[in-house]
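Same order as they appear, the protein sequences are chains A and B. For the first sequence, this note's numbering gives the first residue as 1, with consecutive numbering after it. For the second sequence, this note's numbering gives the first residue as 1001, with consecutive numbering after it.
Don't take each hint at face value.
With a straight-line cut-off of 25 Å between C-alpha atoms, the simulated SDA-like cross-links for lysine to any residue are [claimed, not checked]:
| no. | chain 1 | residue 1 | chain 2 | residue 2 |
| --- | --- | --- | --- | --- |
| 1 | A | LYS39 | A | GLY147 |
| 2 | B | LYS1177 | A | ASN94 |
| 3 | A | LYS150 | B | LYS1097 |
| 4 | B | LYS1192 | A | GLY147 |
| 5 | A | LYS150 | B | LYS1098 |
| 6 | A | LYS178 | A | HIS222 |
| 7 | A | LYS150 | B | LEU1275 |
| 8 | A | LYS118 | B | PHE1194 |
| 9 | A | LYS118 | A | ASP77 |
| 10 | B | LYS1177 | A | ALA174 |
| 11 | B | LYS1278 | A | ILE145 |
| 12 | B | LYS1199 | A | LEU81 |
| 13 | A | LYS150 | B | MET1095 |
| 14 | B | LYS1278 | A | PRO99 |
| 15 | B | LYS1098 | A | LEU27 |
| 16 | B | LYS1199 | A | ILE145 |
| 17 | A | LYS178 | A | ARG162 |
| 18 | A | LYS317 | A | PRO354 |
| 19 | A | LYS118 | B | ALA1091 |
| 20 | B | LYS1192 | A | ARG162 |
| 21 | B | LYS1177 | A | LYS317 |
| 22 | B | LYS1199 | B | ASN1060 |
| 23 | A | LYS150 | B | PHE1276 |
| 24 | B | LYS1097 | B | LYS1048 |
| 25 | B | LYS1097 | B | SER1193 |
| 26 | A | LYS140 | B | ALA1091 |
| 27 | B | LYS1199 | A | GLU126 |
| 28 | A | LYS118 | B | LYS1098 |
| 29 | B | LYS1192 | A | LEU131 |
| 30 | B | LYS1098 | A | THR301 |
| 31 | B | LYS1199 | A | GLU257 |
| 32 | B | LYS1177 | A | GLY147 |
| 33 | A | LYS140 | B | LEU1275 |
| 34 | B | LYS1199 | A | GLY246 |
| 35 | B | LYS1177 | A | GLN149 |
| 36 | A | LYS133 | A | LEU81 |
None of these hints come from the bench; they were simulated from the model. Note that the coordinates shown come from a computational prediction; the quantities given were computed from them, not determined experimentally.
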Amino acid sequence: MGEIKAGEREVSDFLVFENVTKRFGALTAVDAVNFGVQKGEFFSLLGPSGCGKTTLLRMLGGFETPDSGRIYLDGRDITDLPPNLRRVHTIFQNYALFPNMTVWENIAFSLRVAHYPKGEIRKNVEGMLELIKMADHAYKYPSQISGGQKQRVAIARALVDRPQVLLLDEPLAALDLKLRQHMLLELDIIHDEVGITFVYVTHDQGEAMSLSDRIAVMNKGHIEQLDPPTKIYEAPRSGFVAAFIGDTNFFEGTVTEIQGDYCKLAVQGFADILCFNDKNISAGSQVHLSVRPEKIRVTTTPPPPEKGSRINVFRCKITDIVYQGTYTKYWVLSGSYRLAAIKPHSRFLLDQAPITWGDEVYCWWHPDDGYMLEQFTAEDANLVQMPPVGYSAPKPATAPVA
Amino acid sequence: MPMRKRRWTEWAISAPSVLWLTIFFVIPTVLVVAISFHAASPDGGIGKEWTLQTWQHISNPNYPAIVWRTLWISAATTLGCVVLALPCAFAIARMQKKWRAIMAGLIMLPFWTSFVVRVFAWRLLLHPEGFLKHVLMSLNLATENTQLLYNSGAILLVSIYSFLPFAIMPIYAAAEKFDFSLLEAARDLGAKSFLAFRKIFIPGIRRGVISAILMVFIPSVGSYVIPDLVGGKNSELIGNKIYQRTFPDRNLPHASALSAIMAIGVLVPLGLVALFLKRQDRKEALRIAESNGVKQRGGAA
Chain A
1 MGEIKAGERE
11 VSDFLVFENV
21 TKRFGALTAV
31 DAVNFGVQKG
41 EFFSLLGPSG
51 CGKTTLLRML
61 GGFETPDSGR
71 IYLDGRDITD
81 LPPNLRRVHT
91 IFQNYALFPN
101 MTVWENIAFS
111 LRVAHYPKGE
121 IRKNVEGMLE
131 LIKMADHAYK
141 YPSQISGGQK
151 QRVAIARALV
161 DRPQVLLLDE
171 PLAALDLKLR
181 QHMLLELDII
191 HDEVGITFVY
201 VTHDQGEAMS
211 LSDRIAVMNK
221 GHIEQLDPPT
231 KIYEAPRSGF
241 VAAFIGDTNF
251 FEGTVTEIQG
261 DYCKLAVQGF
271 ADILCFNDKN
281 ISAGSQVHLS
291 VRPEKIRVTT
301 TPPPPEKGSR
311 INVFRCKITD
321 IVYQGTYTKY
331 WVLSGSYRLA
341 AIKPHSRFLL
351 DQAPITWGDE
361 VYCWWHPDDG
371 YMLEQFTAED
381 ANLVQMPPVG
391 YSAPKPATAP
401 VA
Chain B
1001 MPMRKRRWTE
1011 WAISAPSVLW
1021 LTIFFVIPTV
1031 LVVAISFHAA
1041 SPDGGIGKEW
1051 TLQTWQHISN
1061 PNYPAIVWRT
1071 LWISAATTLG
1081 CVVLALPCAF
1091 AIARMQKKWR
1101 AIMAGLIMLP
1111 FWTSFVVRVF
1121 AWRLLLHPEG
1131 FLKHVLMSLN
1141 LATENTQLLY
1151 NSGAILLVSI
1161 YSFLPFAIMP
1171 IYAAAEKFDF
1181 SLLEAARDLG
1191 AKSFLAFRKI
1201 FIPGIRRGVI
1211 SAILMVFIPS
1221 VGSYVIPDLV
1231 GGKNSELIGN
1241 KIYQRTFPDR
1251 NLPHASALSA
1261 IMAIGVLVPL
1271 GLVALFLKRQ
1281 DRKEALRIAE
1291 SNGVKQRGGA
1301 A
């Protein structure tokens, strides 16, 4: 995948947003957005509520008209086309299945409206019923089927006449966790099978990460970053992206020394941090660094020498321990800095002494695991959730296994 | 015996309404029908002996025409009201909450004025020297001889005007609960606005439409003030006849017989509509199943 930054698009793009702006009264919901989606791509719009992602989707569906800018689909300007003349179908958050029609009729709706021959309608509907494994429920009404089944019918209804783009508006939001995980897999399989371009709107980073070819992270009406999931996670462009996707620790510091590909950061109230300098930053400049909690090791002993000499090592004190099942999250204090570190646990694979509240520990990470941010605002720091300052949990009788 | 106990409480709860309906609806209806089998006494009362005399006499050559006129004017009034109420209720339901309350209030506003006064106002509007005639004449849509008042058309117009709120309210109540994202879904899947309105919105508010039909059809079959004030000699409805037999003629058995006919005239079409709707519900799923050559799996349902 080429380096496509927010605001760039390629000529080969199937779906193009060009300088699209939409205002609702004084609020600018979508602010001069540019991006392109490739044919067959699973593309996600990810962001907090009110970031403009749903407005973008509704403009693509034809339910809102942009105040300025154009939308192109397959080389054709569709900005002013009404919804019924676009070969773009939406899966609505509440599915919007027609309650007065059976599953079969719901799926057949778009074909009937377009006056397909009867035989073809039957063939296509039955094909879709096979795809979603609902042939046994074809003559039930929406009120007689479960949430997951409704979801599948909505997908079938939207795919039956082979639209150019399928829009999904938080389609899994109404399902419980297990069903959501199951539907994620199913959506992935369906996307692979039908080969139609999917544009997926969600505020759930997990959904976006596991499904998408590329993700556009949105904030306040514009795209903060447009990249494949790994890049979004490992190389966040801004503090917002780093904090919104997953969890992170921010450091603000001044570059004091360049050491080849690396540079040394002086962080006030903490210590010097060595970090990878991929942005060619020169000495004296102010930078923001993001280090993900799972990149930080928490041990009772210093890092083993075979890890090399470039490692960042700090003495810290454990202030909070949050057991999460698959891992434990530690809040540590070093100087005036509070860091989060994550550690998966196993009694047998990690030969570590148990860690408990108040312990003096070593926190260490490789400089390559820290990432310098291009943009940072004070608001981004607030996105990182921290336990209240000064809170100290009671010591349990038995320490958790680390 | 919990089952028996539940039955008992159910009876206890419905007893007051059953009692109410029995005393004020069932018994009077039976009485009305019974009176029609008595002879009229000259002083305006009812004779003691049972007789078929009234029912034999009722084969008046004018009556079939009156019954027919009553039914078609009522049906046309109902149709007109529902057709006007649908877009109106749709528009109100799509408004912001504050405006919805205001619009609903405006629709109810005419009820602050006496019904008879409002019908009288129409007499002035439709009068040969009235406002409407002048407007129509200036638009070359009417001539000096055009008669706006005292005919079936006038009855129809004023009936639609009078009963429209009774059609808007139940349809609006249903439309307010309607999920408008369904219309977006229909548009999204390729349906034009009107098709989406017809195939999704109207079936979605079907119950409201049925209520509206009942609310308009029943009172318009029995209406006598409107035909009395704006109808002519040749546009009498059954309500006028019942009134005439009851008060000027003081012939209660005759009035009762006409009332019974009217009741049948209302109940039969409504019964048919109810039966049709019930059948349609059940048939629909079967029909699709058959037309697609797939047998419905009984066990799966």
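Each hint tested on the structure:
Using a Cα cut-off of 25 Å, the hinted pair LYS39/A and GLY147/A is violated, with the two alpha carbons roughly 30 Å apart. In summary, the hint linking LYS1177/B to ASN94/A is supported, as the alpha carbons are separated by about 15 Å, within the 25 Å threshold. This hinted pair does not check out: LYS150/A and LYS1097/B have alpha carbons roughly 30 Å apart, beyond 25 Å. Restraint check for LYS1192/B and GLY147/A: the C-alpha separation of about 28 Å exceeds 25 Å, so the hint is violated.
At most 25 Å may separate the alpha-carbon atoms for a hinted pair to count; LYS150/A and LYS1098/B exceed this at roughly 34 Å. Straight-line distance between C-alpha atoms of LYS178/A and HIS222/A comes to about 32 Å, which puts the hinted pair past the 25 Å bound. For the hint pairing LYS150/A with LEU1275/B, the CA-to-CA distance comes to about 31 Å; that exceeds 25 Å, so the pair is violated. Restraint check: the Cα-Cα separation between LYS118/A and PHE1194/B comes to about 23 Å, which is no more than 25 Å; the hinted pair holds.
Restraint check: the Cα-Cα separation between LYS118/A and ASP77/A comes to about 32 Å, which exceeds 25 Å; the hinted pair is violated. A hinted pair counts as satisfied when its Cα atoms are at most 25 Å apart, and LYS1177/B with ALA174/A qualifies at roughly 20 Å. Of the supplied pair hints, the one linking LYS1278/B and ILE145/A holds, its CA atoms being roughly 22 Å apart against a limit of 25 Å. Restraint check: the Cα-Cα separation between LYS1199/B and LEU81/A comes to about 22 Å, which is no more than 25 Å; the hinted pair holds.
Under the criterion of a C-alpha separation no larger than 25 Å, the hint pairing LYS150/A with MET1095/B is inconsistent with the structure, at around 29 Å. Note on LYS1278/B and PRO99/A: the hinted pairing holds, with a Cα-Cα distance of about 17 Å set against a maximum of 25 Å. For a cut-off of 25 Å, the pair hint linking LYS1098/B to LEU27/A stands: about 22 Å separates their Cα positions. Our distance criterion of 25 Å between C-alpha atoms is met by LYS1199/B and ILE145/A, whose separation comes to about 22 Å.
A distance of roughly 29 Å separates the Cα atoms of LYS178/A and ARG162/A; the hinted pair therefore is violated under the 25 Å criterion. At roughly 14 Å between alpha-carbon atoms, LYS317/A and PRO354/A fall within 25 Å of each other, so this suggested pair holds. The suggested pairing of LYS118/A with ALA1091/B is violated, with an alpha-carbon distance near 35 Å, which exceeds 25 Å. A C-alpha spacing of about 19 Å is found between LYS1192/B and ARG162/A, which places the hinted pair at or below 25 Å, so the restraint holds.
A threshold of 25 Å between alpha carbons decides the hint, and for LYS1177/B with LYS317/A the separation of about 58 Å lies outside it, so the pair is violated. Straight-line distance between C-alpha atoms of LYS1199/B and ASN1060/B comes to about 46 Å, which puts the hinted pair past the 25 Å bound. With a C-alpha separation of about 29 Å, the suggested pair LYS150/A and PHE1276/B falls outside the 25 Å cut-off, and the hint is violated. As the CA atoms of LYS1097/B and LYS1048/B are separated by approximately 61 Å, the hinted pair breaks the 25 Å bound.
Only pairs whose Cα atoms come within 25 Å are accepted, and LYS1097/B paired with SER1193/B is accepted, the gap being roughly 23 Å. Distance check on the hinted pair: LYS140/A and ALA1091/B sit about 32 Å apart at the alpha-carbon level, beyond 25 Å; violated. This hinted pair checks out: LYS1199/B and GLU126/A have alpha carbons roughly 22 Å apart, not beyond 25 Å. For the hint linking LYS118/A to LYS1098/B, the alpha-carbon distance of about 46 Å lies beyond 25 Å, and the restraint is violated.
Taken as a hint, the LYS1192/B and LEU131/A pair is broken in the structure, with Cα atoms around 28 Å apart against an allowance of 25 Å. For the hint linking LYS1098/B to THR301/A, the alpha-carbon distance of about 67 Å lies beyond 25 Å, and the restraint is violated. Taken as a hint, the LYS1199/B and GLU257/A pair is broken in the structure, with Cα atoms around 71 Å apart against an allowance of 25 Å. A hinted pair counts as satisfied when its Cα atoms are at most 25 Å apart, and LYS1177/B with GLY147/A qualifies at roughly 21 Å.
A threshold of 25 Å between alpha carbons decides the hint, and for LYS140/A with LEU1275/B the separation of about 22 Å falls inside it, so the pair holds. The hinted pair formed by LYS1199/B and GLY246/A fails the criterion: a straight-line CA distance of about 45 Å is larger than 25 Å. A hinted pair counts as satisfied when its Cα atoms are at most 25 Å apart, and LYS1177/B with GLN149/A qualifies at roughly 24 Å. Distance restraint check for LYS133/A and LEU81/A: the Cα-Cα separation of roughly 34 Å exceeds the 25 Å cut-off, and the hinted pair is therefore not satisfied.
Comparing the model with each numbered hint stated earlier shows that hints 1, 3, 4, 5, 6, 7, 9, 13, 17, 19, 21, 22, 23, 24, 26, 28, 29, 30, 31, 34, 36 do not hold.
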